[in-house]
Every structure is written in structure tokens, then in C-alpha cells.
Amino acid sequence: MKSFLMKLASVVGLLFAVVALNFLLIQFAPGDPVEVIVGEMGGASDELIAQLRADYGLDKPVIVQLGIYLGKIVTGDFGYSIYYSQPVLTLILQRLPATILLMISSVSVAVVIGTVLGIFSAKRPKGLLSHFVTIFSLAGYSAPVFWTGLMLLILFSSIIPMFPVSGMVSVRGVEGPVEYVLDVLHHLVLPTVTLASIYIALYSRLARASMLDVLGADYIRTARAKGLSERQVTYGHALRNGLIPVVTMLGLQMGQLLAGAVLVETVFNWPGLGRLAFESILRRDYPTLLGILFFSAVIVVVANLLTDLAYARIDPRIGSRKKKAPSPQKAAQ
Amino acid sequence: MDPILSVRDLVVEVDTGSAVHKVIDGVSLDLYPGKTLGVVGESGCGKSMTALATMGLLPDRFRVAGGSIQLAGEEMTTVKPSRLRQLRGNAISMIFQEPMTSLNPLLTVERQIAEVVELHQQKSRAEARDIALEMLRAVQIPSPEARLAAYPHELSGGMRQRVMIAIALACRPKVIIADEPTTALDVTVQAQIFRLLRDLQMDTETAIMLITHDLGAVAEMADEVAVFYAGRSIETGPVAQILDTPAHPYTRGLMSCTPRLKLGAQAREPDAGALGEIPGMVPPLGRFPKACRFAPRCALADARCTHDAPPKVALNDAHAALCWHAKEEAFA
Chain Y
427 MKSFLMKLAS VVGLLFAVVA LNFLLIQFAP GDPVEVIVGE MGGASDELIA QLRADYGLDK
487 PVIVQLGIYL GKIVTGDFGY SIYYSQPVLT LILQRLPATI LLMISSVSVA VVIGTVLGIF
547 SAKRPKGLLS HFVTIFSLAG YSAPVFWTGL MLLILFSSII PMFPVSGMVS VRGVEGPVEY
607 VLDVLHHLVL PTVTLASIYI ALYSRLARAS MLDVLGADYI RTARAKGLSE RQVTYGHALR
667 NGLIPVVTML GLQMGQLLAG AVLVETVFNW PGLGRLAFES ILRRDYPTLL GILFFSAVIV
727 VVANLLTDLA YARIDPRIGS RKKKAPSPQK AAQ
Chain C
56 MDPILSVRDL VVEVDTGSAV HKVIDGVSLD LYPGKTLGVV GESGCGKSMT ALATMGLLPD
116 RFRVAGGSIQ LAGEEMTTVK PSRLRQLRGN AISMIFQEPM TSLNPLLTVE RQIAEVVELH
176 QQKSRAEARD IALEMLRAVQ IPSPEARLAA YPHELSGGMR QRVMIAIALA CRPKVIIADE
236 PTTALDVTVQ AQIFRLLRDL QMDTETAIML ITHDLGAVAE MADEVAVFYA GRSIETGPVA
296 QILDTPAHPY TRGLMSCTPR LKLGAQAREP DAGALGEIPG MVPPLGRFPK ACRFAPRCAL
356 ADARCTHDAP PKVALNDAHA ALCWHAKEEA FA
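Chains Y and C supply the protein sequences, listed in that same order.
First residue of the first sequence: 427, per this note's numbering; consecutive thereafter.
First residue of the second sequence: 56, per this note's numbering; consecutive thereafter.
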């Protein structure tokens, strides 16, 4: 419990640092929202520009602006989107589920397929599948996400129209909750495959190397010496050990995954945070952008916490803080 | 009495990709119920390979190319894989050299012991747990109830080796192969482990094949000894005869390499503390001399030794050596 509180405190500190850094970073970017607004208005007098700056609080010193912003965030107020004319929080909460759906589905697909490919190719390191995994993973890892996405679009939406081109639900609308879920799943396939392709490539290679390593370990020989079958040895003894590097990698890559989601959402017009971020950068909608960056940090931090928990469940050497073996002195009593 | 494990003219080959070498070339051993056979020799002489061949656990690229291994009359070299799995861990089990890495780091002690009982004796989880607990008591682990839930990283090396022994003993095997079980452990723990193995053997009539390069361990544990050199068993016999009147020059060399405590007048002799050594090195695989493999390092070697394979010379009913000079050496 104590270590959990410590972790929570460090997470809060980390988030504050992220907010401050992002805030200052944006100050360095050329141009400000007022210039964009004025540009869209078709020009304005210097007085009006000064008036607008004062209205948005942009005339105050940067450090004061940061202080105000931090104070507001604590109360859950992320400001007002300049472009969308909505509270940033409302905007983000609308988009967040779509992004989380895309991330979770991609990660699940990548871990399951990647691990399965890795295990089978490790069982026969010189087999056909093993070579296929090596080649496929190189290709999958080298191809840029947006390119993969576009190619899949051309292939499976245009040439063979199996999947919708863009969006998350059909424009015409659907009746009934079951139809809605199926419609979303239908739209989800191509973005998921696109985003997952890199990670399938990565995890299959990682799982293959890790399983090869584990299958040669002394305790696997012990398991065979017990008379266990190859199946029992592979799934009962080797698999969990082989998964440890995959889980480690998964935790480290949450940030990258989110970055990949931005590109995929843009390619597939997926109504998530990524596309919102892309649009707010183009429109200098800084309150929205800052809000998105904050929530991205939250997603990454939460994902890392979940990874830590999963890690402790898989590997007792990590989670052993809570359950200690009795000390020799205690045992002697 | 019939041997429980009988190895005859065993040949094990390794395919290195460019050539095929014999790592074991015509080894014969007999193991009797309730007795311990000490297998000694330098690293790489084929001790562990003999053990792994017996267990059917030879690594990739190694294979049994000839001879026979019979466990209670059942031929192990041609046995079906499913039958081999029934025997492993059940009728014959093995204790490995590295207690630190031979246990699965992610499974509790209970699981690792109970697993083998559930597999071979069709016990329920609860029954297997009781047997696991009983085994932990048998190997004298303090507070065994608490240790059931422990993971290997929570145990010391000696404790882990006791758990390995508990796993090996769980199904009351007829044969245990202990491959350098104490090499990785402290000297005090070594003595405990040996005493434990001996006590357990007295209760169960288990035959033990003790692989070691420690002649002290052999003197303490073994009834019979087989000395290995370069993939061959070069001298076999009762432990007292091997240690007191070694017939093969290599065995003699090994003896002179072992430090002994001398007291009184003996200690004041000019070369009392001097340790012997065997000149040269074990020849690398594939470069074994054609006739006697020890000839290049042997002080007694003559023309005959480098041209003709040495005969097996019986010094008495139980004691034999693979050497042209066995007789003269024994009575020298």
C-alpha cells in the first residue's frame, strides 16, 4: 500500500512536469491563436488584436499563464477550444473512447498473433514459419504506418471493397445496439491491422528470440527430466518465462503506440484523439492541444501502471514485496 | 543380484556439422539397487553425456549410435517417446549440477514437486500437495509448510538443491542420477547434501549414479567407482580398491592431484605437502589418439601404447583397468 502511494505521488509529479514542459514548448512555436483567428477574419486592427490577446490572457507573462493553467487543470478545467468553441474536456472525452478502442484492439491483436508466431517459429527455428517470421517482421517493422494504412485501404476498400474507407460508424447510421457494435468492428478492422502490423512484427521476433532462449534453459531440461510432454513443457514451463520480455517491451512502447495511433487515425479518418491533435496543431488551437497532450500522458502512465501490475503477476521476483518467505530465525521458532 | 541399470558398450556421437565425433566410445556400467556408483573424470570426458543418454535427454546433434542402456530390463535406447516420458521422473530421475538455474523461477516449490507426482501417480492436487510437503520434510528443509509457497529466488543454493532432490525422489525412483549435485554449493552444504542422499538411499533402496570430479565425494559416497577418460571408462572397481590400489596411470594421477592431510612423521617427509599433476590436457574431441587415449600424457607409455588399443585387464573379479601396464602399475 505504501509503495502504491509512493507511485501515485510520483505519477502526479510526472504529470505536472509534462504539463509544464508542453506549455513552455508551445510558447516556442511561431504564431499564436490570435494570428490564426485574425487571419480567418481577413485581417483586423492592432487594437482588436491587442483586445483579443487580452481576452485570451495571452498578454500576461508566460509563467503567469502557466500558473493559471495549472490551477485550472487541478479543478478539471482544461479551458475552451478556440476552434471548436467547446470546453476542451468535453471535446477530449468525446474522442478518447475511439482512441482507447483502437489502442487496445491493436495491442491485443499484436500480442496474441506476435506471441503465437514467435512460439511456433521457436519450436522449429529452421522451419518455414521461422523464416517467414524473420522476413515478415523486417518488412512489417520497416514499413511506415501511414503507408501500410494507405496500401491496405487501396487493397481492401478500393480494389476488393471488403471494408469501409473511413470513419468509425456508417454515415447512414445503424439501428439497434448489436448492429452498431458490428458496424464499429467492421470499421475497426483496417485501422487495427495497420497499427498492429508493426507490433506483430516486433513481438513475433521478440517472442521467438525469447522462447529460443528459454527452451534452452536448465529448468526446461528439468521439466523434460520429470517426464512432461513437449506441450506441457512449452506451455506449462516455457511460455510464461518467454513472455516476460514481451511484457517489458509492451510497457515501454505505449507512448510510441499512441504516436502511431495519431497517424492511423489521420489516414482512416478515425474520430479519436490523434486526429483531434493533428487538427488542433494545424489550427493553433493550443488549449485543445495542451489538453490532448495531458491526456496522452495520462494514457501512457496508466498503461505503464497496468504493465507493472501484469509484470508482477507473471514474475514473482518482481511482485515479491508483498509476500515474503519466512526468515530463518522465524522458521526456527 | 541383477543390476537395476545396465549400460553396455554405449556409443554417443555428436554431429558438429563438419564432422561426426564419438563423445562416448564403448562405455559399460552397472548400477545395483541400494548402491552408489561414483563416476569420476575430468570435464568433458563424457560423464554427463552418459547420464543424459540414459535419461534420453541428449542435446540437439547428439545421438546414441550404439550399445544398450537397460533400466530394469527395459531397453532405453529404442524405447518409444511416450514410454520414456512415463519412466522419466518416475522410475529414473536426475539431479542437475546447477541448482540456481534448474528450477523454474516462476513456479512455486509446491508446483514443481507436486507436478511430477500428479503426472506419474495420478494424484489429485491436494494429495500431491501432501506428498510435496512430505518430500520437503524428507530433504530436511526447515518450516516446510511455509516453503511450499516459496519461489526459487527466495531460497538459497543449498535449499534449491534440496528441492531438486525432493523432485527427483518424489516418485520413489529406482535410479537417481546425480550430476555433480554439490559442485555449485558451499563445502558445508556439500556434506549435508551427501549425508541426505545416503540416508534417503538407505530408506528407499534407490541406486545412485554420482557423477563428480571430486575424489573426496567418491570416497565418502560410492560403493563402486568408474573412472572416465576421453569418452571411455578406463578403470572400474570397488571404491576401496580404486582408491588404495589404482591400476590405471590416469587414476593414479588423479589421486596424486588430491590434497591429503598428513599428520605426525608423515607431515615431516620432504614432499609431504606436494601435489602431483598430470602433464598435458585432455585431447580435444576428434583428436583422440588411436590406441591408448591417455598415452601422450602417460609416464609409462611405450611403443605398444601408441600403436595398439589397450586391453581390459582384470586385476580381480571386481577390479579392471584399460591399460597395457595395469598389472605392473597395480603392484608397483
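Simulated from the structure, these hints should not be mistaken for lab results.
Wrong hints could be hidden among the right ones.
[As the list claims (entries may be wrong)] Computed from the model, here is a short list of chain Y residues facing chain C with C-beta under 7 Å:
{"#": "1", "residue": "Q477"}
{"#": "2", "residue": "D481"}
{"#": "3", "residue": "G483"}
{"#": "4", "residue": "Y645"}
{"#": "5", "residue": "R650"}
{"#": "6", "residue": "K652"}
{"#": "7", "residue": "G653"}
{"#": "8", "residue": "H663"}
{"#": "9", "residue": "R666"}
{"#": "10", "residue": "N667"}
{"#": "11", "residue": "P671"}
{"#": "12", "residue": "R743"}
Ideal Cβ positions, reconstructed from N, Cα and C, are used throughout, including at glycine.
Results of checking the hints against the structure:
1. Because the smallest distance between the Cβ of Q477 (chain Y) and any Cβ of chain C comes to about 66 Å, over 7 Å, the interface hint for this residue is violated.
2. Annotation: D481 (chain Y) was flagged as interfacial toward chain C, and the flag is violated, the nearest CB pair being 60 Å apart, outside 7 Å.
3. For G483 (chain Y), the suggested interface contact is broken, since its CB lies about 55 Å from the closest CB of chain C, more than 7 Å.
4. Using the Cβ-Cβ criterion of 7 Å, the hint placing Y645 (chain Y) at the interface with chain C is satisfied: the shortest such distance is roughly 4 Å.
5. Annotation: interface hint on R650 (chain Y) holds; nearest CB of chain C at approximately 6 Å, less than 7 Å.
6. A cut of 7 Å between beta carbons decides the hint on K652 (chain Y): the least distance to chain C is about 4 Å, and the hint holds.
7. Interface hint status for G653 (chain Y): upheld, as the beta-carbon distance to the closest one in chain C is roughly 4 Å, under 7 Å.
8. Here the hint on H663 (chain Y) is kept, as its CB sits about 5 Å from the closest CB of chain C, short of 7 Å.
9. Restraint check, R666 (chain Y) versus chain C: the minimum CB separation of about 5 Å is within 7 Å; hint holds.
10. Taking 7 Å as the C-beta contact cut-off toward chain C, the hint placing N667 (chain Y) at the interface holds, the least distance being around 6 Å.
11. Look at P671 (chain Y): its Cβ only gets to about 14 Å from chain C, farther than 7 Å, so that hint breaks.
12. With a cut of 7 Å, the hint placing R743 (chain Y) at the interface with chain C holds, because the nearest CB-to-CB distance is about 5 Å.
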